[in-house]
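Top line first, the protein sequences correspond to chains A and B. Each residue of the first sequence is one higher than the last, beginning at 0 in numbering that gives the first Met the number 0. Each residue of the second sequence is one higher than the last, beginning at 0 in numbering that gives the first Met the number 0.
Do not take every clue at face value.
Note that identical chains are pooled: a pair holds if it fits in a single copy or bridges any two copies.
Computed list of lysine-lysine pairs in DSS-like fashion (alpha-carbon distance at most 30 Å, straight line) [to be verified]:
(1) 317 / 261
(2) 40 / 317
(3) 89 / 57
(4) 40 / 261
(5) 40 / 16
(6) 317 / 227
(7) 16 / 227
Since the hints were derived computationally from the structure, they do not count as laboratory data.
Protein chains: 2
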Amino acid sequence: MKKTSFAFFGATPSFEKPLPVGQLYFPSWERYSAAFEGIFKRQFYTNNGPLLDELEEKLQGFLEVKHAICVSNATFGLMMVADAMGLSGKVILPAFTFVASAHSLSWSGLEPVFCDVNLDTHQMDINQVAALIDEDVSAIMGVNLWGGACNPKALSELASSKGVQLYFDSAHAFGCTVDAVPVGNFGRAEVFSFHATKILNATEGGCISTNDDDLAARLRSIRPTYGKESPVTIARVANARMSEAQAAIALMSLEDFPANQKNNANLYRLYEEQLETIPGLKLIRPTGVSFSNSQYLVCQVNEREFGLSRDLLIDILKAENVIARRYFYPGLHRTIPYDSALPQYLDRLPNTDSLCTACIQLPIGALVLAEDIECICDILRRAQECAAMFRPRHEK
Amino acid sequence: MKKTSFAFFGATPSFEKPLPVGQLYFPSWERYSAAFEGIFKRQFYTNNGPLLDELEEKLQGFLEVKHAICVSNATFGLMMVADAMGLSGKVILPAFTFVASAHSLSWSGLEPVFCDVNLDTHQMDINQVAALIDEDVSAIMGVNLWGGACNPKALSELASSKGVQLYFDSAHAFGCTVDAVPVGNFGRAEVFSFHATKILNATEGGCISTNDDDLAARLRSIRPTYGKESPVTIARVANARMSEAQAAIALMSLEDFPANQKNNANLYRLYEEQLETIPGLKLIRPTGVSFSNSQYLVCQVNEREFGLSRDLLIDILKAENVIARRYFYPGLHRTIPYDSALPQYLDRLPNTDSLCTACIQLPIGALVLAEDIECICDILRRAQECAAMFRPRHEK
């Protein structure tokens, strides 16, 4: 193989346009225009409109929960839940998650306690969570990663035995089930992201699910859009309303969920077959669930076996217009302000540190065709075979 | 006049449908559908899309500021500004404002210091602001009310002489000018609301304006949507992005601003003429501005002269399908959590207390026709003339 077969060295990129990670499933023009014409005709654009009502009812059915409370995004959903649950002091969460999980705590005046994750599943290490609970800890924020789950049943038992509260950042887990129970039913509340990159998409948006009537009433008043309920006393509003435009997209996306999940699962299987044959790339399958939305394709790069670092591989793919991501990077304990405010975590989270240098997220979702996966895996295979060609000279 | 001429006593309401306060100016179907078709064709729904870019550039021109940073709503805008300015301790603001002004402080870990307002202008009392500044106060949040302004120049001088920061809640003041300088140019930053009830409307939405490059860069990173700038180091994100759907509506609304302001001004003049002739109703004209958006029609009810309490008048109007509002009510110092956490303000804000029992907001904006104002003022006039008829028996 020659250098001239890689865009990294100047060849024509394998893809004409950048192929992003992220689900990006959108409706057809017919459905989209009908939905937006309806909003125009009603001249009802926000604050508890008919589409929001319909969406929340359908989500409640889909998730099998008593309350689905749609919000402007998952970050605000997490802030609202911490507030509505009356948390104080510290909250345990993994450092291997999206920054907003931790930042939601900061806006609510809470301090994060970072736990490590399991090196194989990437889910939070429950033994470590147990060891971290002390009298300052008021809650655990479980994070369900990669279309999998962090063992919510074991976390529930732990939380109740220790007398702390439990809620979930389930931004990655919409439509997943744990022993046939939909994610959304665990802890006191769960928070989903409906960002365009997620399988359930409201462009921007999110949803809080709970089976707790009192908590739901407080959340609706914090939002503040009460649905069919009356306002209750709360200490502060968040103004995290979901508009009718967001609800319209989410309703169509919910209708499409079965088809989109199936498409993801098929793409996932194609990756699975191909990646098996490439040394040094380990596919991280969604764990802890009986059904997954298959919305993430995550691998670990073993630099020694693959012959290239994760970061160099990302550059090689980028040159081919495959926009793979190092996700998550860095671990939250190494980001501002935690790196200086909470330096105790810098040498305590070896698995997080290791995954942050090894994880790569590959494109899956609406924009990815079966033949694209063949092409992406071919690039990966060739990069591995020709690894020496890419390494900086002083390493040779 | 007989009881039978009032819907309050069972007559047919004067208006077939409820006539709300709130601007509610929306574009025509042709413009609306073209804008949304564009979003669909681009499949670019959020996070620094072309419509957001265009909107921010046009707002910068309109407001004559260096940076217009659009956000999901004004509440989050205020939170973000407090964070980006690095405030700590206490912030002075009037108790006669919308709850979100104070709640934005709470999310940012700040304590409100409530000042009173002027009984004639309803704007904050600058002498009292000066007296309230102590070493714990890091900033003043000026609130520009009713399409008027709270003397931003005097506040700027005060803030700089006392060494505290200054920013503005200008939710009511989009498009207003102070001595020909657009509101948006005062203090370190100003925050506008683009809610559907405001003259500049994004359904939900808002905007932060500032002439401070560093502050703007931090705000874009907190949002986080960077525009053409690079991200900078910040302590937490807020995920307060404006979607393309919001930006599309706001762009059309900005184009329509001159026509909508003119319509408001005409409606305002009609009210002005009629209200003059009704005893006990005092129109509160926008003060402190050289140009107003005329987006609020606010009166003070003098119960003795009018013969009825403000609250009873609101019920009489409501029966006629005129949805007048007691705005603001109650004063923030009498709301949870401030009433118990900060009881020192309960007997210190007599003007706020008085206005909260006397103010009434009447419909003005897209849904109000000239003949509606005649009809509304006719109800007001007849209610005043027949006041005794409405008063509970034990008062007679």
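How the hints compare with the structure:
no.: 1; hint: 317 / 261; result: within (27 Å within a copy, 53 Å between copies)
no.: 2; hint: 40 / 317; result: between (44 Å within a copy, 25 Å between copies)
no.: 3; hint: 89 / 57; result: neither (35 Å within a copy, 44 Å between copies)
no.: 4; hint: 40 / 261; result: between (34 Å within a copy, 25 Å between copies)
no.: 5; hint: 40 / 16; result: between (37 Å within a copy, 16 Å between copies)
no.: 6; hint: 317 / 227; result: between (49 Å within a copy, 21 Å between copies)
no.: 7; hint: 16 / 227; result: between (46 Å within a copy, 21 Å between copies)
In the structure shown, a violation is registered for the earlier hint numbered 3 alone.
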